[in-house]
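317 is the number that the numbering used here gives to position 332 of the sequence shown; each next residue is one higher, with no gaps.
It should be emphasised that the hints constitute simulated quantities derived from the structure, not laboratory data.
The structure presented is a predicted model; accordingly, all values stated were derived computationally and were not measured.
Certain hints may be false.
[As the list claims (entries may be wrong)] Distance ranges between label pairs, derived from CB positions:
1) Ala223 with Ala9: 36 to 46 Å
2) Ala204 with Asp257: 33 to 43 Å
3) Ser110 with Leu82: 31 to 41 Å
4) Ser141 with Ala311: 31 to 41 Å
All residues carry an ideal CB built from backbone N, CA and C; glycine is no exception.
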Amino acid sequence: MQPFDVHAEFLSSLAEIPAQEWNALSGVDYPFMRHEFLQGLEQAACTNAETGWQPCHLVLRDGAGILAVMPLYLKSHSYGEYVFDWSWADAWQRSGLRYYPKLVSAIPFTPATGPRLCMRPDADSERTWDIALEAIREFAREQDLSSWHLLFPEESVASLLLEKGLHRRCATQFHWFNEGYNSFEDFLATFSSRKRKNLRRERSRVREQGLTLRTLCGADIGQREWQQFYRFYQLTYAKRSGHGGYLTREFFMDVAPRLGQQVIMVLAYLNDEAVAGALYFRSGDTLFGRYWGCEREYDCLHFEACYYQGIEYCIANGLRRFDPGAQGEHKIQRGFRPVPTWSNHWIADARLSAAVGDFTRSEAQHNDAYMKEAATLLPFRNS
């Protein structure tokens, strides 16, 4: 049973807490909560005041030591979150109020559901959440912050916080689930004939262009491959967004390799030269597709590197689920099912909090209808 005297600290860097103490609570199976990943983002200058992701991580301590930890950031914008609140910021401004800075508990640039408040096994979960919420509210009041946002928590947490008066948003992603397939062809056998032919045609198109793909894991990914992938990443972000991406060269060269076998890279080659790549992370049962880059566009290569190679990896390694990232209705016809994702929101101003509550309840109804409609478009024979 946890003691009642709990003290909250807000850390300006994860370097202020030893990796083994943080990881003892967060675990190391879910890669994005690992100390090595989160502090690595700081060390690589991806999360700091200049990028608008200023760390202020929450640590709860009691007489027995560290009770719970949570990633927490002071945000001066809403980029890199994948839970879109730009309309809220506009509403604040029209009301003569300031939306930024705000507090966000999230994995930066990573829309992957997982643990957020990680606590000791002896902790009373609900009471620890109560303590964390009160500490966050007090910190927000002291710093004159508009709000706190918890992004991509597990469903049980999102529901608990709804009961505690926080607003809950629901959105949709598209995930692949392993139904005990023995091979990619075994998976394809569940498709209707026309959809199966379409997917095979896409995979054939990659081979017809002379492209070959290679999957590397952990230590098999050398410095040359990391340098190549970083170049692909930068080129693709520059084409799409006009900047070089959220992640720095140091992240790819120094931080990601620290995660060892939890990192998987798929590279595409033409005449023995790498021309594109996809980067994945994994836990014990889930593959997370995260980043993609290419020198130039090749027909169907994105689908092959980012989806079909991921499915093959899951089947070969017995992973239960493949989360390829946010958005993308084109994933449906390739066998990725609609699934809900969650976020919770505490708003300091009572008037705007009421408006956000109305918005999230209406949005949830639309999202439910959208998910049902999306499920009818799946390619499986019985869909």
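Okay, the hints, checked on the actual structure:
no. : hint                           : result
1   : Ala223 with Ala9: 36 to 46 Å   : holds, 40 Å
2   : Ala204 with Asp257: 33 to 43 Å : violated, 22 Å
3   : Ser110 with Leu82: 31 to 41 Å  : holds, 34 Å
4   : Ser141 with Ala311: 31 to 41 Å : violated, 21 Å
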